[in-house]
Amino acid sequence: MHIYLPIAEVSVNAFLLLGLGGMVGILSGMFGVGGGFLMTPLLFFIGIPPAVAVATEANQIVASSFSGVLAHFRRKTVDLKMGTVLLVGGLIGAAVGVVFFNYLKSLGQVDLLVKLCYVVFLGVIGGLMFFESLNALRRSRKAGAVPVKRRQRGWIHALPFKMRFRTSGLYISVIPPVLVGLFVGVLSAIMGVGGGFIMVPAMIYLLGMPTKVVVGTSLFQIIFVTGFTTMLHATTNFTVDIVLAVLLLVGGVIGAQIGTVLGARIPAEQLRVLLAALVLAVCGKLALDLLLQPAELYSLGTDGGH
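FYI, in the numbering used here the residues of the sequence shown are -17 to 288.
Hint data in this document are derived by calculation from the structure and do not stem from the laboratory. There's no promise every hint is true.
Stated by the list, open to error - List of simulated lysine-lysine pairs, BS3-like, C-alpha gap at most 30 Å: (1) Lys267 to Lys63; (2) Lys194 to Lys267; (3) Lys194 to Lys58; (4) Lys144 to Lys194.
Stated by the list, open to error - Pair by pair, the computed Cβ-Cβ distance ranges are: (5) Ile157 to Leu98: 45 to 53 Å; (6) Gly266 to Tyr187: 40 to 48 Å; (7) Val81 to Ala259: 30 to 38 Å; (8) Val232 to Leu274: 27 to 35 Å; (9) Arg120 to Lys58: 18 to 26 Å; (10) Ala259 to Thr193: 35 to 43 Å; (11) Thr218 to Gly29: 19 to 27 Å.
All values derive from a computational prediction rather than experimental measurement. Heads up, the beta-carbon is just placed ideally off N, CA and C, and yes, glycines get one too.
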């Protein structure tokens, strides 16, 4: 059953979209990731224009992150003060990212930029995850392995403009959180991702936050940044396809419930290896598409459009 997507201007099988949403939802439930960094490239593969895929996926992340942060609020594992500081940087970064996105769109280069960003980030992150997961597997096989501890102090504690974050038990400068939020905001605007795959490690290893409050605080910031990004894309680019977003969201909600059950039955180390392998596979497919000569060398379109 094909359905016409008015903003993407393509006709796609509705069950295929539900299946993609469900598959990424399963991965989200199994691995604890938002899935935007996998869903957006998959939308490229089925013919959705990159500009529409980026803007629409940001819209879907708002809904999925909102349901997740509610659970963390109930467990009191959200640092609202830290989340607000991250949010300030994130909103500025999102605005800058959308302006840059619009400029490249006017030049007709936005598709290339988005795909190159995904190749670079998925390649780097997938490679780091894969080697870290293999090391974790080796450590888990050694009896009495000593866990790696977070660094308690570093250069970050010597910076000015310090603020006390009681929920996280930190007294640090606001400069690093603002910069982390700024970077993630730019990524959200250009790549259509929540940025949790970068923010969570940065919050643990750079800011020194306790792991128990990291995920909830990250989701709190992601909701507002991706919501702001969606609004900017919708009002300036008109690239948010609500029909596509609804189909992906329905599949994602169902898949997440299945993924949560499956994730509880598979060892964490093996899950991380599987996720890293999947990320590298998507990266390889994107890189291959960029390197190979397309079947159609030319296409017709409006000036600056997709």
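So, going through the hints one by one against the coordinates:
1. Straight-line distance between C-alpha atoms of lysine 267 and lysine 63 comes to about 40 Å, which puts the hinted pair past the 30 Å bound.
2. A hinted pair counts as satisfied when its Cα atoms are at most 30 Å apart, and lysine 194 with lysine 267 does not qualify at roughly 35 Å.
3. For the given pair, lysine 194 sits about 10 Å from lysine 58 by alpha-carbon distance, which is consistent with the 30 Å threshold.
4. The hinted pair formed by lysine 144 and lysine 194 meets the criterion: a straight-line CA distance of about 22 Å does not exceed 30 Å.
5. The given range of 45 to 53 Å is broken by isoleucine 157 and leucine 98, whose C-beta atoms sit roughly 29 Å from each other.
6. For glycine 266 paired with tyrosine 187, a C-beta distance near 27 Å fails the hint of 40 to 48 Å.
7. Take valine 81 and alanine 259: their Cβ atoms lie about 36 Å apart, and the range 30 to 38 Å holds.
8. Remark: the range hint 27 to 35 Å for valine 232 to leucine 274 is upheld by a beta-carbon distance near 34 Å.
9. Between arginine 120 and lysine 58 the CB atoms are about 36 Å apart, so this pair departs from the stated range of 18 to 26 Å.
10. Distance hint check: the CB atoms of alanine 259 and threonine 193 are about 24 Å apart, inconsistent with the given range 35 to 43 Å.
11. For threonine 218 and glycine 29, the hinted distance range of 19 to 27 Å is satisfied, since their beta carbons lie about 24 Å from each other.
The earlier numbered hints that this structure contradicts are 1, 2, 5, 6, 9 and 10.
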